[in-house]
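Engineer: Sequences listed follow chains A and B, in order.
For this note's numbering, add 3 to where a residue sits in the first sequence, where the first one is 1.
For this note's numbering, add 270 to where a residue sits in the second sequence, where the first one is 1.
Hints are computed from structural coordinates only; laboratory data are not their basis.
Predicted model, so just to flag it, every value in this text is computed and none were measured.
Keep in mind that a hint or two might mislead.
The list that follows gives simulated cross-link-like pairs (lysine-lysine, DSBU-like), each with its CA atoms no further than 30 Å apart [as the list claims (entries may be wrong)]:
no.	chain 1	residue 1	chain 2	residue 2
1	A	K53	A	K176
2	B	K425	B	K474
3	B	K345	B	K474
4	A	K102	B	K630
5	B	K273	A	K208
6	B	K687	A	K102
7	B	K285	A	K208
8	B	K673	B	K687
9	B	K294	B	K273
10	B	K505	B	K304
11	B	K294	B	K304
12	B	K309	A	K205
13	A	K74	B	K614
14	B	K630	B	K644
15	B	K505	B	K318
16	A	K208	B	K547
17	A	K102	A	K151
18	A	K102	B	K414
19	A	K151	A	K171
20	B	K630	A	K24
21	A	K72	B	K614
22	B	K414	A	K176
23	B	K425	B	K309
24	B	K608	A	K74
25	B	K285	A	K176
26	B	K505	A	K208
27	B	K425	B	K304
28	B	K505	A	K24
29	A	K205	B	K273
30	B	K608	A	K72
31	B	K285	A	K205
32	A	K205	B	K505
Some chain B residues well away from chain A (every beta-carbon gap over 10 Å; in silico) [unchecked claim]:
no.	residue
33	Q315
34	E397
35	F606
What follows is a list of derived Cβ distance ranges for each label pair [said to hold, decoys possible]:
no.	chain 1	residue 1	chain 2	residue 2	range
36	A	E192	B	A640	56 to 62 Å
37	B	K505	A	A59	28 to 34 Å
38	B	L680	A	K102	30 to 36 Å
39	B	D563	A	H104	36 to 42 Å
Ideal placement from N, C-alpha and C gives every residue a C-beta, glycine not left out.
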Amino acid sequence: MAYTVEQVSIMDSIINRYPRKRSAIMPLLHFVQSIDGYVTNEGIELIGQKLELATAEVTAVSTFYTQYKSKPVGDYHVGICTNTLCAVMGGDAIFESIKEHLDIENDGVTNDGKVSVEHIECNAACDYAPVVMVNWEFYDNQTVQSTKDLVDAARAGNPPAPTRGPNKLRTWKENSAVLAGISDGLANEGVQAGEPTLLGLKKAKGGA
Amino acid sequence: MSKLTPVLSANWDQKDSFTFEAYKRNGGYTAIAKALSMKPDEVIQTVKDSGLRGRGGAGFPTGNKWGFIPQGDNKEHYFVVNADESEPGTCKDTPLLMANPHVLIEGIIIGSYAIRANHAFIYIRGEITHVVRRVQQAIEDAYKAGLLGKNILGKGFDLDLVLHVGAGAYICGEETALLDSLEGFRGQPRLRPPFPAIAGLYAKPTVVNNVESVASVPAIINNGVAWFTAMGTEKSKGFTLYSLSGHVNNPGQFEAPLGITLRELLEISGGIRTGHKLKFWTPGGSSTPIFTDAHLDVPLDYEGVSAAGSMLGTKALQIFDETTCIVRAVLRWTEFYKHESCGKCTPCREGTWWLVQVLKDLEAGRGSEADLDKLLDLCDNIMGRSFCALADGAASPIISSLKYFRQEYLDHLAAGKCPFDPMTATLFESAGVK
Numbered sequence: 004m005a006y007t008v009e010q011v012s013i014m015d016s017i018i019n020r021y022p023r024k025r026s027a028i029m030p031l032l033h034f035v036q037s038i039d040g041y042v043t044n045e046g047i048e049l050i051g052q053k054l055e056l057a058t059a060e061v062t063a064v065s066t067f068y069t070q071y072k073s074k075p076v077g078d079y080h081v082g083i084c085t086n087t088l089c090a091v092m093g094g095d096a097i098f099e100s101i102k103e104h105l106d107i108e109n110d111g112v113t114n115d116g117k118v119s120v121e122h123i124e125c126n127a128a129c130d131y132a133p134v135v136m137v138n139w140e141f142y143d144n145q146t147v148q149s150t151k152d153l154v155d156a157a158r159a160g161n162p163p164a165p166t167r168g169p170n171k172l173r174t175w176k177e178n179s180a181v182l183a184g185i186s187d188g189l190a191n192e193g194v195q196a197g198e199p200t201l202l203g204l205k206k207a208k209g210g211a
Numbered sequence: 271m272s273k274l275t276p277v278l279s280a281n282w283d284q285k286d287s288f289t290f291e292a293y294k295r296n297g298g299y300t301a302i303a304k305a306l307s308m309k310p311d312e313v314i315q316t317v318k319d320s321g322l323r324g325r326g327g328a329g330f331p332t333g334n335k336w337g338f339i340p341q342g343d344n345k346e347h348y349f350v351v352n353a354d355e356s357e358p359g360t361c362k363d364t365p366l367l368m369a370n371p372h373v374l375i376e377g378i379i380i381g382s383y384a385i386r387a388n389h390a391f392i393y394i395r396g397e398i399t400h401v402v403r404r405v406q407q408a409i410e411d412a413y414k415a416g417l418l419g420k421n422i423l424g425k426g427f428d429l430d431l432v433l434h435v436g437a438g439a440y441i442c443g444e445e446t447a448l449l450d451s452l453e454g455f456r457g458q459p460r461l462r463p464p465f466p467a468i469a470g471l472y473a474k475p476t477v478v479n480n481v482e483s484v485a486s487v488p489a490i491i492n493n494g495v496a497w498f499t500a501m502g503t504e505k506s507k508g509f510t511l512y513s514l515s516g517h518v519n520n521p522g523q524f525e526a527p528l529g530i531t532l533r534e535l536l537e538i539s540g541g542i543r544t545g546h547k548l549k550f551w552t553p554g555g556s557s558t559p560i561f562t563d564a565h566l567d568v569p570l571d572y573e574g575v576s577a578a579g580s581m582l583g584t585k586a587l588q589i590f591d592e593t594t595c596i597v598r599a600v601l602r603w604t605e606f607y608k609h610e611s612c613g614k615c616t617p618c619r620e621g622t623w624w625l626v627q628v629l630k631d632l633e634a635g636r637g638s639e640a641d642l643d644k645l646l647d648l649c650d651n652i653m654g655r656s657f658c659a660l661a662d663g664a665a666s667p668i669i670s671s672l673k674y675f676r677q678e679y680l681d682h683l684a685a686g687k688c689p690f691d692p693m694t695a696t697l698f699e700s701a702g703v704k
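Pulled out of the complex, with its shape left as it was, chain A reads as follows:
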């Protein structure tokens, strides 16, 4: 698709953050995903033009990083942690049951385009295991049933709020813009910490 004048000007502002423009390649790829949903050929070409790089150079970077998708994902992209700790605590069971529940494989998308699933590596929330991410927002302490409920609600367009995140789950494209460094003004929403994060502090203060 063609990009609007406004979108191209946002790309220029992203480039201007850096002392050298090639450094802007990652936020620009996130930005393309916020418009197209994945890294399109058109996006790669425009980034190449902007940064004076060959499309092969942009593609080489894009394909290195797993968050850049070469084909569309769902509006709600579900990542289930199956690294050792989460896997043992229930992540494996969750992953298997969700694939079956949605009748898709790893990296698959539901027919309605609403939900996609991939198994992910450690997402830095081990004290909340098993962990599920949707559009890279935290859904802590999941079970097979809670994750089924989560994906069903997402397919119906009404996902619950993240455990530690904004009051309402945003779409894949909307969150991709945040990763490109474009503020959505939601930083003050949601909790400052969950219970495990606060446990040591509570114990230090003499709490039970």
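Chain B: place on chain A using the hints.
Structural biologist: Quick look at chain B alone, frame taken from chain A:
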């Protein structure tokens, strides 16, 4: 009396702890006035004297890193924060930044002033959207308050700070891969020397520090070296965040002096999952050789853990009870390293692939005892033979698990399958829900 020492986590229980107002209310942004009235070299000396060591895994003295930056060289200097927290088990920087991003920013201002950098970056992993929001907002608020930008506090010091969001590559937590990624390339490690202090970002002198290391600096400046060195052990000074996860009744973050033991942390937190017993654990993430119940009293500081045959790493204490199959756990970590190997060095790229093949067979009860020696032989050909430590990390759980649990590997072969029921290890089993 509790051995815990909340400093970084002291105000996390305030609902608005992540805001500029809360940070100021709690005494934040007072260390920069103090630091900016000191000479930059004095700031470096203070951090050196504190004995603060890198909290991202390697444990290198932070002040020494700062001191390696050549001064008077007429070059741009860069201050880069490694917020690419991805080591399996590690989950301290992420909650820290969610609850209080401003303490990192204050540390960055002080560090940049000390090494005479006018440009700083935070390289944050891309899979934590809400933390990205919080840090981005904190940077904007710091600019609005005149704490970033031109002529900070009227002291003639300029600093621009950019948040750079990664895109899902563990290897970018390795400092030279991080720099390549920040320059806009595939994140692959560089051969050292030259070290980043000489040729880092854009080939200019660069400091790369972990989030927790930098966030510890404001408190050191405010409270002094003696306050900091009064905590911890002889060569491991100060406090740090220990992250307890896995088969425990109460997982979470515990800020304590370096040198606390797992036994003490378990006593404070509420112990191993009720009705179960400790089988194995990592002291500092999956790249650190595993420990067993024989290591409950090892002092969790750099020297203590090292003397017991592992590494303090990121203080990510992943606890596994007797329901966990060691072969399954090690296979899964190995699959992780295979997936995250950047492919630059042949021993790591090919070796991790072969390790996975052998371990898959062993977990399924196929293969022979000779495969255990093959695993060790592969590890021997991988460790220390690549540009970075990823492959060393891959070998750690394999070698250490064979040291402590060789018989369990053999039990798989004897049974012709995995003798464990994975459901008994899940939390659903203990909670009675599915």
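Engineer: For each hint, tell me whether it holds in the structure or not.
Structural biologist: Hints, one by one, checked against the model:
| no. | hint | result |
| --- | --- | --- |
| 1 | A:K53 - A:K176 | holds (22 Å) |
| 2 | B:K425 - B:K474 | holds (25 Å) |
| 3 | B:K345 - B:K474 | holds (7 Å) |
| 4 | A:K102 - B:K630 | holds (22 Å) |
| 5 | B:K273 - A:K208 | holds (11 Å) |
| 6 | B:K687 - A:K102 | holds (24 Å) |
| 7 | B:K285 - A:K208 | holds (17 Å) |
| 8 | B:K673 - B:K687 | holds (21 Å) |
| 9 | B:K294 - B:K273 | holds (27 Å) |
| 10 | B:K505 - B:K304 | holds (27 Å) |
| 11 | B:K294 - B:K304 | holds (15 Å) |
| 12 | B:K309 - A:K205 | violated (38 Å) |
| 13 | A:K74 - B:K614 | holds (26 Å) |
| 14 | B:K630 - B:K644 | holds (13 Å) |
| 15 | B:K505 - B:K318 | holds (12 Å) |
| 16 | A:K208 - B:K547 | holds (28 Å) |
| 17 | A:K102 - A:K151 | holds (10 Å) |
| 18 | A:K102 - B:K414 | violated (47 Å) |
| 19 | A:K151 - A:K171 | holds (18 Å) |
| 20 | B:K630 - A:K24 | violated (44 Å) |
| 21 | A:K72 - B:K614 | holds (22 Å) |
| 22 | B:K414 - A:K176 | holds (28 Å) |
| 23 | B:K425 - B:K309 | holds (11 Å) |
| 24 | B:K608 - A:K74 | holds (23 Å) |
| 25 | B:K285 - A:K176 | holds (29 Å) |
| 26 | B:K505 - A:K208 | holds (28 Å) |
| 27 | B:K425 - B:K304 | holds (11 Å) |
| 28 | B:K505 - A:K24 | violated (43 Å) |
| 29 | A:K205 - B:K273 | holds (13 Å) |
| 30 | B:K608 - A:K72 | holds (20 Å) |
| 31 | B:K285 - A:K205 | holds (14 Å) |
| 32 | A:K205 - B:K505 | holds (29 Å) |
| 33 | Q315 | holds (29 Å) |
| 34 | E397 | violated (5 Å) |
| 35 | F606 | violated (6 Å) |
| 36 | A:E192 - B:A640: 56 to 62 Å | holds (57 Å) |
| 37 | B:K505 - A:A59: 28 to 34 Å | violated (49 Å) |
| 38 | B:L680 - A:K102: 30 to 36 Å | holds (33 Å) |
| 39 | B:D563 - A:H104: 36 to 42 Å | holds (38 Å) |
Checked against the numbered hints above, the structure violates hints 12, 18, 20, 28, 34, 35, 37; every other hint is satisfied.
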